[in-house]
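Chemist: Here is how the chains run, residue by residue.
2 protein chains.
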Amino acid sequence: MPMKDFLFHNPTRVIFGRGKTRDVGELTSAHLGEKVLLVLGRQSAKKNGLHSLIVGKLAQSGVLAEELWGVAPNPSIESVREGARIVRDKGLTGVLAVGGGSVIDCAKAIAAAAWHDGDPWELFEKKIKPPNVLPIGCVLTLAATGSEANGNSVISNPATEQKLAWYHPEAYPAFSILDPELTFTLPPEQTAYGAVDILSHVYEQFFHNLEGTDIQDGMAITLMRSVIANAPVALANPDDYDARASLMWASTLALNGLIGAGAVGDWTCHMLEHELSAKHDLAHGAGLAVIFPSWMRLVAARKEKRFRLFLERVWDVSTQGVAPERLGQLTYDTVTRFYRDRLSAGVTMKDYGVDNPRVDDMVTCMLTYKTQETLGGLTRDEVVKIFQDAA
Amino acid sequence: MPMKDFLFHNPTRVIFGRGKTRDVGELTSAHLGEKVLLVLGRQSAKKNGLHSLIVGKLAQSGVLAEELWGVAPNPSIESVREGARIVRDKGLTGVLAVGGGSVIDCAKAIAAAAWHDGDPWELFEKKIKPPNVLPIGCVLTLAATGSEANGNSVISNPATEQKLAWYHPEAYPAFSILDPELTFTLPPEQTAYGAVDILSHVYEQFFHNLEGTDIQDGMAITLMRSVIANAPVALANPDDYDARASLMWASTLALNGLIGAGAVGDWTCHMLEHELSAKHDLAHGAGLAVIFPSWMRLVAARKEKRFRLFLERVWDVSTQGVAPERLGQLTYDTVTRFYRDRLSAGVTMKDYGVDNPRVDDMVTCMLTYKTQETLGGLTRDEVVKIFQDAA
Chain A
1 MPMKDFLFHN PTRVIFGRGK TRDVGELTSA HLGEKVLLVL GRQSAKKNGL HSLIVGKLAQ
61 SGVLAEELWG VAPNPSIESV REGARIVRDK GLTGVLAVGG GSVIDCAKAI AAAAWHDGDP
121 WELFEKKIKP PNVLPIGCVL TLAATGSEAN GNSVISNPAT EQKLAWYHPE AYPAFSILDP
181 ELTFTLPPEQ TAYGAVDILS HVYEQFFHNL EGTDIQDGMA ITLMRSVIAN APVALANPDD
241 YDARASLMWA STLALNGLIG AGAVGDWTCH MLEHELSAKH DLAHGAGLAV IFPSWMRLVA
301 ARKEKRFRLF LERVWDVSTQ GVAPERLGQL TYDTVTRFYR DRLSAGVTMK DYGVDNPRVD
361 DMVTCMLTYK TQETLGGLTR DEVVKIFQDA A
Chain B
1 MPMKDFLFHN PTRVIFGRGK TRDVGELTSA HLGEKVLLVL GRQSAKKNGL HSLIVGKLAQ
61 SGVLAEELWG VAPNPSIESV REGARIVRDK GLTGVLAVGG GSVIDCAKAI AAAAWHDGDP
121 WELFEKKIKP PNVLPIGCVL TLAATGSEAN GNSVISNPAT EQKLAWYHPE AYPAFSILDP
181 ELTFTLPPEQ TAYGAVDILS HVYEQFFHNL EGTDIQDGMA ITLMRSVIAN APVALANPDD
241 YDARASLMWA STLALNGLIG AGAVGDWTCH MLEHELSAKH DLAHGAGLAV IFPSWMRLVA
301 ARKEKRFRLF LERVWDVSTQ GVAPERLGQL TYDTVTRFYR DRLSAGVTMK DYGVDNPRVD
361 DMVTCMLTYK TQETLGGLTR DEVVKIFQDA A
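Chains as they are written, first to last, in the working numbering: chain A, 1 to 391; chain B, 1 to 391.
Errors might be hidden in some of the hints.
Pairs involving identical chains hold if they fit within one copy or between any two copies, as the list cannot separate such chains.
[Stated by the list, open to error] Calculated cross-link-like contacts (lysine-lysine; reagent style DSBU-like; alpha-carbon spacing at most 30 Å):
#, residue 1, residue 2
1, 57, 370
2, 4, 57
3, 47, 4
4, 127, 4
5, 46, 4
6, 57, 303
7, 303, 47
8, 129, 57
9, 350, 305
Derived by calculation from the structure, the hints in this document are not laboratory data.
The whole structure should be built from the sequences, with the hints applied where relevant.
Modeler: Shown next, in the form of structure tokens:
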């Protein structure tokens, strides 16, 4: 099958470079209006001065800001509810996210919830797309999810132990400020999980069975090679601008629709990971480092051509003379060695302290909204096997 | 120097795939309004039925269409004036281009001229950006210029023998329909010149002297390799969908801002080519096939690292043991051999019937608006040499 038909439309303004946060006041005033909700994570933006810089710039541009602090990894629907309440009570005109993908995802859900009369969780549970979404802006502090330039949001509901994804074509940020210097002070594990997350987004869009996708393949390979080259540099030298800049731009390009345009996304491993981190609180990138290698080992022989391309062109591993049934283990070894040795990232659930994974719960829960067809043809038993092998 | 700071913002909706022209009525009605100017080239859209298909779809969606036919390669300011007159007289709400880059460039100039009270040529001569531009849509029939997803327009003025470029951030098409099947019936030389044009756009953005641009480089190399692989296939089998689709998507990605984001464009050869085709009417792609190899031969030793990368990664030509001063000739031979042997494209002015190039006129005219600095540091004598070597 040739390149697929596609729609590519990505209206987000990316403002990329050193110190670009200084433009946040003007950008907010121009695109989000005069009264915004500032959405932030835990405390780092306060400690490193980013919060006060932004508040100052907003004030200079005459923008009033309410604040929602404390959005955590695997952002909770509770944060969304709280943000939506503030937006309604104060009649706010836009939402400005300052953080990584969790904060941005939460901001998108708040921006949509402002236009939805029911409980915000309905957006995710019933895939509701309100007619409008408040305009969203971002100051990105972590290269990982790509949420800075797409219309996706993933929110967790601790009460139901669900973690669900949602998309709205109006939820693309109006602008995203990408200043690689803001990532210099990240804890190493966040840099590492971010790199795994970027790679995993590319994996999801790379292992199709189409022909005639040399452009998509070349761009995907470029992004993967860049992350593989630059993430270890950023870990060794957190202030290396070139490495941080490449990681940040890769995070955006990995999930802004570009490499998926004309290809076919799989997203099975993301669904598995969502179950894993919904039931056992671990970072999304960590969950992907656990799930993906195990999935690759299972399916490589079925997608032989793509896995040979992957090993040869992304990892510089020759597959000459390697039998199809050995490709899975070779891929598993190649990828996990990089995660473990170069990123210091765990590759099993045990590595993250999950000693008794609730495999049955995860699979049962997932099969309430996914079918074998939407899991790339995997049977229930195969999904169980992926979880067990990743334990 | 590391990756440059950049703004990336490309709001064009790309609708890509077989038969997507069927959506033109709804798209036009949604984005251009109810009364549009249809801008077309010479006769091919009439002969192959595309015109009547589009007119039918517009009528079905309740869109009234006036028509401007006859926009030629190196589109003339006269066509712009005529189109702008119709738009004003009839109170039209948008401009729909059906054709290749010339038609689209003309449509953009008309859309801007509708908001400019003086003569349309002032837009180009004085780089005027009116406060608004009428919304623009495209049905692309030629993979070449990338005009389908950027804010650029290049218009010629036969009276003054000038060919000038203009950019407006509001002149990005609201939508562009990219149906590779529409290019099956192109004359071979248009396919060839289109391929040269795409390659040349990538060249302009590839030969910088920055470091840390592995993502931009990888994407640029991907696009060049795709064109080099697919253009000969499309020439041999005009109905090869995969080859046509790759060329079409490459044309868009080569000049939609993506590979230039963070890099530095040169555009010297485009300026030289504009002079060439303003003084001696030949196709833009043909002019680029003449100018670029000659420029490469002159500058390769000064940009040694980039030219080694270019030869090795794009053309699979080893440069081991090749002295810097020999890189230019090696590049010239590599590129011209491909143009001549695989694309059947001429590589000298003589090949296109230009026996007495007006080199002095071209250089003098160019230096009225370009300086040594904006020509990548070339002196007047060097510009003369490039033209003479390309004769």
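Chemist: If a hint holds in the structure, say so; if it doesn't, say that too.
Modeler: Status of each hint after checking the structure:
| no. | hint | in the structure |
| --- | --- | --- |
| 1 | 57 / 370 | neither (45 Å within a copy, 38 Å between copies) |
| 2 | 4 / 57 | between (44 Å within a copy, 24 Å between copies) |
| 3 | 47 / 4 | between (47 Å within a copy, 29 Å between copies) |
| 4 | 127 / 4 | within (25 Å within a copy, 39 Å between copies) |
| 5 | 46 / 4 | between (46 Å within a copy, 29 Å between copies) |
| 6 | 57 / 303 | neither (51 Å within a copy, 41 Å between copies) |
| 7 | 303 / 47 | neither (47 Å within a copy, 45 Å between copies) |
| 8 | 129 / 57 | between (32 Å within a copy, 29 Å between copies) |
| 9 | 350 / 305 | neither (32 Å within a copy, 47 Å between copies) |
Going down the numbered hints, you'll see the structure goes against 1, 6, 7 and 9, while the others check out.
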